[in-house]
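2 protein chains.
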Amino acid sequence: MERIVECVPNYSEGNNKETIEKIVDCFRGKEGVKLLDYSSDKDHNRTVVTLVGEPEKVKDAVIASVKVALEKIDLRSHKGEHPRMGATDVIPFIPIKNFTIEESVALSKEVGTEIGKLGIPVFLYERSATATHRENLANIRKGQFEGLKEKLKLEEWQSDFGPKAPHESFGAVAVGARMPLVAFNVNLNTSDITIADAIAKKVRHIGGGLRYVKGMGVYLKERNIVQVSMNLTDYTKTSIYRALETVRFEAKRYGISIIGTEIIGLVPQKALIDSVEYYMGIENFSIDQILENKLAE
Amino acid sequence: MERIVECVPNYSEGNNKETIEKIVDCFRGKEGVKLLDYSSDKDHNRTVVTLVGEPEKVKDAVIASVKVALEKIDLRSHKGEHPRMGATDVIPFIPIKNFTIEESVALSKEVGTEIGKLGIPVFLYERSATATHRENLANIRKGQFEGLKEKLKLEEWQSDFGPKAPHESFGAVAVGARMPLVAFNVNLNTSDITIADAIAKKVRHIGGGLRYVKGMGVYLKERNIVQVSMNLTDYTKTSIYRALETVRFEAKRYGISIIGTEIIGLVPQKALIDSVEYYMGIENFSIDQILENKLAE
Chain A
1 MERIVECVPN YSEGNNKETI EKIVDCFRGK EGVKLLDYSS DKDHNRTVVT LVGEPEKVKD
61 AVIASVKVAL EKIDLRSHKG EHPRMGATDV IPFIPIKNFT IEESVALSKE VGTEIGKLGI
121 PVFLYERSAT ATHRENLANI RKGQFEGLKE KLKLEEWQSD FGPKAPHESF GAVAVGARMP
181 LVAFNVNLNT SDITIADAIA KKVRHIGGGL RYVKGMGVYL KERNIVQVSM NLTDYTKTSI
241 YRALETVRFE AKRYGISIIG TEIIGLVPQK ALIDSVEYYM GIENFSIDQI LENKLAE
Chain B
298 MERIVECVPN YSEGNNKETI EKIVDCFRGK EGVKLLDYSS DKDHNRTVVT LVGEPEKVKD
358 AVIASVKVAL EKIDLRSHKG EHPRMGATDV IPFIPIKNFT IEESVALSKE VGTEIGKLGI
418 PVFLYERSAT ATHRENLANI RKGQFEGLKE KLKLEEWQSD FGPKAPHESF GAVAVGARMP
478 LVAFNVNLNT SDITIADAIA KKVRHIGGGL RYVKGMGVYL KERNIVQVSM NLTDYTKTSI
538 YRALETVRFE AKRYGISIIG TEIIGLVPQK ALIDSVEYYM GIENFSIDQI LENKLAE
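Protein sequence lines, in the order shown, are assigned to chains A and B. Note that this note's numbering gives residue 106 to position 106 of the first sequence, counting from 1, and the numbers run on in steps of one. Going from the second sequence to this note's numbering is simple: count from 1 and add 297.
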């Protein structure tokens with residue numbers, strides 16, 4: 001595949017296997033689409049699908065899956081621990097290869113337009129948001145399905161596409177583009193959670209820290225240590241090493257050292273290569289020099 | 298491709314385009330074989346081909362190319378600056394993916410057996426060598442084509458496959474397996490070549506240094522600095538970071554610092570990931586967590 005976009009749509013059904021399989025079937029055996037993973041949580045009553053593929057093919061498959069959700073899921077009788085406002089609740093597009101964040105935003109708007117035509121209100125969020133207060137998904141989803149009717153009447157919560165009132169059974173959906181997340185944790189040689197919290201507050205964006213870092217302190221019971229648990233929301237702007245070195249110098253004031261780090265889940269190759277270039281001082285390196293990339297050409 | 302081996306055969310023809318193309322044609326448009334690069338040097342009168350592919354397919358293609366060299370190249374009239382002993386001079390196999398160094402050794406012996414059947418003496422070298430004094434290619438090739446007849450009479454230079462006398466026009470060939478090389482240079486904040494030489498001698502294997510490091514000092518005229526120029530001959534045993542940190546602590550005794558590093562040409566992904574794991578202290582990382590690897594599955 002020349003151009004690759006990732007999509008991680010969330011559906012408000014975690015129990016009914018028939019419905020779940022019918023949704024996932026939209027991504028199986030389709031040319032130009034690769035289903036990477038899907039998992040359902042019964043308590044959350046929610047299914048999360050991860051797929052990658054050519055942008056146009058991913059678009060078609062996702063719209064097909066929204067039609068299945070429209071047909072099969074009724075939010076009026078939906079119960080689950082996870083906040084939700086729609087049968088398909090959120091559809092993020094993530095640029096992976098030869099596809100920019102700007103192109104991902106454009107793709108999210110195309111998909112939003114099509115979903116709007118189905119009679120479903122669409123909120124653009126994250127990088128696709130049409131106003132600052134609409135960037136954060138939690139803000140959009142506040143009030144959930146049950147509060148949608150009143151929320152959509154407010155000037156600042158008009159839908160970006162589709163009707164100005166919720167779909168009776170589907171509700172509404174958030175569609176947007178974001179960069180791949182890197183989940184990066186830094187373990188400290190202390191069990192004092194107040195120190196991890198204090199460092200997290202310094203390193204994260206809202207605390208005056210790095211632009212693309214979210215973070216919090218976490219206590220690891222099994223090891224009796226604490227960690228600064230971070231999400232890097234744009235590794236091309238805030239590299240992993242910058243988060244690590246910032247934690248290191250903030251920890252110093254408490255006389256605390258770093259005893260290890262963790263990368264949770266998937267990480268783009270470039271995110272790690274940036275950091276090895278930094279630590280080894282490699283001059284003029286290109287990721288085309290990586291043998292596996294050459295082979296994949 | 299599930300299993301991948303790389304092969305970098307060298308041919309003693311760098312001028313005759315017809316012969317060169319006929320050799321390279323053995324690797325073009327063949328299923329399971331990918332021609333990555335080839336380059337001819339007129340002064341060396343030599344062509345180096347780089348290909349990758351499924352081991353069995355690479356084997357067949359390489360043997361076909363040896364038959365072309367046997368037909369088209371006559372060492373009796375060959376002149377060139379590069380040392381050589383055969384029409385195909387050397388055939389190294391390098392494990393790349395789901396293929397071990399041991400399997401590469403086995404493959405080199407299969408190829409050697411087949412070439413032997415063509416009436417060409419074969420020396421196994423590097424990891425495939427049948428005795429320590431036959432590991433180094435320079436030792437095997439010493440005396441070149443012109444000295445082969447006498448050399449092959451010696452007990453310690455018997456061929457591993459094929460006849461006990463050189464092929465009249467082809468000569469002999471070295472076939473073997475080796476790990477991918479990583480060409481890694483460390484730049485120092487001095488223009489004193491004696492310091493780079495002294496450090497290179499300490500870090501390299503023959504000087505009592507790291508097992509899989511070859512190295513020498515080099516003066517960079519343009520920048521008026523020196524560098525320790527290294528070949529890492531098995532990055533799975535001697536990681537890049539170990540070479541770098543060894544240079545760093547050896548440089549310290551001269552009050553010299555590292556101002557940068559270079560990686561020349563291709564480098565396996567794992568070699569860089571090992572180093573980023575070290576510098577960032579990443580616990581329990583698997584290269585399957587790299588998004589691009591997941592996509593390539």
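Be aware that one or more of the hints could be misleading.
The calculated label-pair distances, taken between Cβ atoms and stated as ranges, are [as the list claims (entries may be wrong)]:
(1) 488/B <-> 284/A: 19 to 25 Å
(2) 593/B <-> 149/A: 43 to 49 Å
(3) 546/B <-> 265/A: 31 to 37 Å
(4) 488/B <-> 1/A: 45 to 51 Å
(5) 397/B <-> 82/A: 42 to 48 Å
(6) 397/B <-> 253/A: 27 to 33 Å
(7) 528/B <-> 221/A: 43 to 49 Å
(8) 283/A <-> 378/B: 41 to 47 Å
(9) 534/B <-> 237/A: 35 to 41 Å
(10) 136/A <-> 403/B: 16 to 22 Å
(11) 253/A <-> 593/B: 41 to 47 Å
Pairs of lysine-lysine residues, derived as DSS-like cross-links and limited to a Cα-Cα distance of at most 30 Å, are as follows [what the hints assert, rightly or not]:
(12) 149/A <-> 42/A
(13) 498/B <-> 511/B
(14) 591/B <-> 34/A
(15) 34/A <-> 406/B
(16) 59/A <-> 498/B
(17) 30/A <-> 294/A
(18) 406/B <-> 327/B
(19) 201/A <-> 153/A
(20) 567/B <-> 331/B
(21) 270/A <-> 567/B
(22) 67/A <-> 591/B
(23) 591/B <-> 57/A
(24) 319/B <-> 30/A
(25) 34/A <-> 57/A
(26) 591/B <-> 331/B
(27) 591/B <-> 109/A
(28) 369/B <-> 439/B
(29) 446/B <-> 294/A
(30) 57/A <-> 201/A
(31) 153/A <-> 72/A
(32) 394/B <-> 97/A
(33) 511/B <-> 406/B
(34) 314/B <-> 270/A
(35) 294/A <-> 591/B
(36) 294/A <-> 314/B
(37) 394/B <-> 369/B
(38) 97/A <-> 327/B
(39) 202/A <-> 164/A
(40) 498/B <-> 42/A
It is worth saying that the hints were derived from the structure and are not from the lab. Positions of the beta carbon are idealized from the N, C-alpha and C atoms, including for glycine.
Can you tell me whether the CB distance of residue 534/B to residue 237/A sits inside 35 to 41 Å?
holds, 37 Å
Is it true that the CA of residue 30/A sits at most 30 Å from the CA of residue 294/A?
holds, 27 Å
Between residue 34/A and residue 57/A, does the CA-CA distance stay at or below 30 Å?
holds, 10 Å
Given the hinted pair residue 59/A and residue 498/B, is their alpha-carbon gap at most 30 Å?
Distance ~59 Å between residue 59/A and residue 498/B Cα, so the pair is violated.
Going straight from one Cα to the other, do residue 498/B and residue 511/B come out at no more than 30 Å?
holds, 9 Å
Hint consistency between residue 591/B and residue 57/A [alpha-carbon to alpha-carbon, up to 30 Å]:
holds, 19 Å
Take a look at whether the Cβ-Cβ distance between residue 397/B and residue 82/A falls inside 42 to 48 Å.
For residue 397/B and residue 82/A the Cβ distance comes to about 46 Å; the hint holds.
Hint check for residue 284/A and residue 488/B - Cβ pair distance inside 19 to 25 Å
holds, 21 Å
Is the gap between the beta carbons of residue 283/A and residue 378/B within 41 to 47 Å?
Cβ of residue 283/A to Cβ of residue 378/B: about 31 Å, so the range 41 to 47 Å is violated.
Does the Cβ pair residue 546/B, residue 265/A satisfy 31 to 37 Å?
holds, 36 Å
Starting from the range 16 to 22 Å, see whether the pair residue 136/A and residue 403/B falls in it by beta-carbon distance.
violated, 58 Å
Is residue 270/A within 30 Å of residue 567/B, Cα to Cα?
Roughly 14 Å between the alpha carbons, so the hint for residue 270/A and residue 567/B holds.
Violated hints, in rising order: 6, 8, 10, 15, 16, 19, 24, 29, 30, 34, 37, 39 and 40; the structure is consistent with all others.
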